[in-house]
Every structure is written in structure tokens, then in C-alpha cells.
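Undergrad: From first to last, the protein sequence lines stand for chains A and B.
Okay, so the first sequence: first residue is 0 according to numbering that gives the first Met the number 0, each after it adds one.
Okay, so the second sequence: first residue is 0 according to numbering that gives the first Met the number 0, each after it adds one.
Simulated from the structure, these hints should not be mistaken for lab results.
These numbers come from a predicted model, not from an experiment.
It cannot be assumed that every hint is accurate.
The list treats identical chains as one, so a pair stands whether inside a single copy or across any two.
To be verified - DSS-like, lysine-lysine: derived pairs with alpha carbons at most 27 Å apart:
1) LYS3 / LYS106
2) LYS162 / LYS105
3) LYS170 / LYS32
4) LYS162 / LYS32
5) LYS265 / LYS204
6) LYS205 / LYS106
7) LYS265 / LYS3
8) LYS292 / LYS32
Protein chains: 2
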Amino acid sequence: MAKKKTDFESYFSAATSMVEARLRAILPRRFPKELYDAMRYSVFSDGKRVRPALVLAGARIVGVNARDVLDAACAVELIHTYSLMHDDLPALDNDDFRRGKPTSHKKFGDDMAILAGDALLTYAFELVADNVSRLSVGAGAISEFARAVGKDGMVGGQVVDVKHGSLGKSKARAAHYLDYIHLNKTAKLIEISAKLGALLAQANKKQINALSKYGRAAGLAFQIADDILDEGHESSDFKNSRLTYPEVFGSSAARSRARELADEAKKALGVFQLSASRKFLEYLADFIVERRK
Amino acid sequence: MAKKKTDFESYFSAATSMVEARLRAILPRRFPKELYDAMRYSVFSDGKRVRPALVLAGARIVGVNARDVLDAACAVELIHTYSLMHDDLPALDNDDFRRGKPTSHKKFGDDMAILAGDALLTYAFELVADNVSRLSVGAGAISEFARAVGKDGMVGGQVVDVKHGSLGKSKARAAHYLDYIHLNKTAKLIEISAKLGALLAQANKKQINALSKYGRAAGLAFQIADDILDEGHESSDFKNSRLTYPEVFGSSAARSRARELADEAKKALGVFQLSASRKFLEYLADFIVERRK
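This is chain A alone, in the form it adopts within the complex (with noise of 0.2 Å):
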């Protein structure tokens, strides 16, 4: 295990700084210059850049370069921090912090956190297109990745939270519901980051089906497991009186539901001959429930 975790870290660490160096490079400062401040404080503020190292491993365990996915691997985080500070608007979920800092909108105002949200957002596509021309492949990983975080995947699951996220209703509502805003608001970015790699790169259907079931599976369980951490804490779930899985099916089923999807993201693996890059994405699944923060 302790093997294990190193070679995870050294994996991890190793995409994530690309990733780092990739995202200093394409967001430099500039004019407009409160544009560009904004968008940097919200993208280096210490995200753990789980969605982009998915992608990497994506690309990698269907046997392609990192390096040639990179800039679609900096576009799923662009999309991650345009919908955190969003969701932190006063209009949305009124947070004034995360991870420690004063939220954009805080920090530059609400304008600038509504601006920048969209700057990053548009970004986005413009990094996933040109990795698209670079790699000479079809259009078709552009309308998955803007079907993934869209009016039916992330933004709408972010609607249903907001509107229908709240605790008093019958448990069966509330568990359609929860579904719902797990799979799309969650799941479905985490679903396109581990896919996109392969779409890049053409893998064949067997392989980026197996990449969207393990990212599937492994977004809810975040979501989840997300959702215990948040059990007694201060959170803007918790102050919101937001749906949260342990609140409706309890403690217990929500753990053993998360090491259940954990589980089912490593099966779906097995399509791949072990690699550094499946043992990566296994020892993440774990790494998912099992986190202590």
C-alpha cells in the first residue's frame, strides 16, 4: 500500500504539474487586466486538478502522449472553476470563501466573477477546438464535452440544486431529485474528463466506454463521499439546507454506496492490460472515498 501510494503520488504530481505549467502559459497577464487578474486568482488557487489528470490518464492508458491532450486537459479545469465561482455568486450560493480565499466575487466584485466565469467558459472550447485541429480528429469530443457541462449535464444539474435541492420533501422525491443533481451537476464533468482523452486520441467504442463508466462511477462517488465530509461541517450545503445523500439515505448506506461506485470504476477498468495509468485510476477510485478531506 505504501508503494502504491507513492507511485500514485508521483503519477499524480507529475500531471498536475504539467498541468500547472500548461495553465501559467495560456492564461499570462494581460489586457483587459482585471479580466485576466480574475480568471488567474480563480484558476491558481490551489485546485487539486483531478479533472485534468483524468484526462491525462485517459489519453495515456489508451497509449497516447499526455502532452498531445494537455490543452483539453486544462479546458475540463477552466469549466470546473467557471462553475465554482458561479455557484459562489450571491445569486447562487453566497460564499465568501473557498479553499481558504476570499471568493471572485469577493475579491473583484460581482461583475468581474460573472464576466470571468464566462471568459473561462468560452476559453474552454477554444483550448478543446484547437487540441481538436492539432490532433486532425472529428468535431465529436467538442459536442460531448459542451453535452457534458450544458443546459442537460453540469448547468442543469446546477439548476435542479438550486431549485429543487432543498430538505422537506418525501424521500422518494428527494432521491429522484438527488440523483438528478449527483449525476449531472457532478458526475458528468468527471465522466467527460476521463473519456475526453480517449475521444481525443480515437480509442476504440469498448475503451472510451469503459473510460465513461469508471468516470460515471466515480464522479457519484465523489459527490457522495463529498457529502459525508460535509456531515457536521460548516459547509454551504450544510447552511443551505441543500439535499445531501447521507441526509436521505443516512450515514451508512451513503459509505457503503460510495465504496460500492468505487468499486464498480475500477471494473470497468479491467478492458485495460495493467499500466501505471490503470493503477492510477484504480488507486483514485479508492483515493475518492477514502480521503479524509
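Given chain A, work out where chain B should sit, using these hints.
TA: Only chain B this time, still in chain A's reference frame:
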């Protein structure tokens, strides 16, 4: 002139009918209801559909069927719509009415106006990517589209308008910012609309450059004409004492600059043989500066 006007109106109305029908088809009523309702409300609120008509005309002038680029035409309208929704927010222009109806945030709340805007922006890229896939062309058009409407395009223009777009500067500084704002906030979306059809049609460089020049000049003319029309009106720009062309350079200079730009736009079309589409675009350039509302 009467005949010309009739030709213009029938070309325009044929284009907008196609766009209108397609927008209805791609934005049905569905779950999440609150999100689709908010998207539909703003997309179907009497927009003139100038930008999508440009996409269709730009395709036809290079010999491609309007129908082949219809989704890309809808995409530019979704971008235009999302930008208005976000600009109208209390954190930005704080407008309660647009085209005689309550703005999105007045009707659905700030949260929905933000999220439905995000959804339209994302959906625009899904539509352009789908269109690119169907035509089996490269993703370069998607990158150009993203650049036109992102941090160094429309969003950047909006940021500079918010941060530096108020009166009380030296004339030289005001002129500098005004150029940036008009070019980025308004003209670049009109420019990409004019050239997007030709990009998707893989037209030659000369044709694409001509449409690019046309769109940029027409777009700049459009913004100056808008500023002239707003003079004396209780408009949002007036209310917030925003920089406008007539404020900085005087009404008469504004009028002749708009005229000059419309002529420049028409001149760029000289590379194309005379056709219904060329005549439409020529008339549109004149219409932009001569309209009275």
C-alpha cells in the same frame, strides 16, 4: 429603392423564418423546466435575428445552402442572447426591461439569468461543433468562434466597458477605450457571424477575408448608429453615463464615421459576383446606419 427594399425584406424574412423554426426545434419545453423556460423566454423575445441572417447570407454568397449552416446561425443568436442576459444583471447594467419585456433576472431571478446564460453559451458551442461534424470540416471555425466571443473578444469588450467605459476621461484615452469596446463588445460577434458560414463552407481565403472585413466594418457602424439613436433617450448607456461615439467625437463626426464604415463594408463585397446574397448584405450595411430605431 422601393424594389431593393422589398428584395431586402423578403430575403431577410426568409432567413429569419428558417432561424426561428430551428430555434423552436432546438429549444423545446423540457426538464429542467426552470432552465428551459428561462432560455426560451430570452431567445424568443423579438430579436431581429440580424446575426444569424448574416451567417446564412455568408454561406449562400460562397455557394452553400443556408440550411447547411443553420445550426451555426442559431449558435450566434444564442451567444448574442446570453450576452444580453448577463449584461442586464443588477451586477452589470442593471436593466429591468429589454424590448418592452422584463429582463430575464426580473422574470426568473438573478440565479436563473446567470445559469440560463451559461447554458446558452455552452449550447452555442454544441451546435457549432455538431454543424462542423455534419459538414466534416476542421475545428478551426470553432476556435475562431470562441476567440471572437471570449476574453479577447466580446467578453473582454464588456469588461473594458464596465471598467473603463464611463465618461470623464481625456479625449485621447476615451477614444482608445471606445475603439476597444466597440470592436470587441459589438463588432467581433458580427464579424464572426458574417464569416462563419464561409468558414464552414471552406471558402477560399479571399472570400473569407472579404466577409471578415464586411462584418467588422458593419459591426462598428452598427454600434455607432446605436449610440446615435440612444442620444437623448433614457437608455442604459445614458443612465450609466457610458462612453459613446457621439459623446466623444460629436454627433456629426459620428454620423459620417458610421456612413464611412457602411461604405467600407459594402466595398469589401466587391470580390463577390452580384447575387441576391450580396445585394442583401449591401442593403443591410446601409440599413444599419440609416435605421431610425
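Undergrad: Against each hint, give a clear statement of whether it holds in the structure.
TA: The hints, checked one at a time:
Taking CA atoms no more than 27 Å apart as the test, LYS3 paired with LYS106 passes in neither setting, with 40 Å inside one copy and 54 Å between copies. In this homomeric assembly, LYS162 and LYS105 come within 27 Å of each other (Cα to Cα) both inside a single copy, at 24 Å, and across copies, at 17 Å. With identical chains, the CA atoms of LYS170 and LYS32 are at most 27 Å apart between copies only, with a shortest distance of 21 Å across copies and 49 Å within one. Taking identical chains as interchangeable, the C-alpha atoms of LYS162 and LYS32 lie at most 27 Å apart only when they sit on different chains, with a minimum of 10 Å there against 35 Å within one chain.
For the homomeric pair LYS265 and LYS204, the shortest alpha-carbon distance inside one copy (18 Å) is at most 27 Å, but the shortest distance between copies (50 Å) is not. Neither within a single protomer nor between protomers do LYS205 and LYS106 lie at most 27 Å apart by alpha-carbon distance, with minima of 46 Å and 46 Å respectively. In this assembly of identical chains, LYS265 and LYS3 lie within 27 Å of each other by CA distance solely inside one copy; the values are 15 Å within and 67 Å between copies. Taking the closest pair of Cα atoms, LYS292 and LYS32 never come within 27 Å of each other, the shortest separation being 34 Å inside a single copy and 35 Å across copies.
In this structure, the earlier hints numbered 1, 6, 8 are contradicted, and the remaining ones agree with it.
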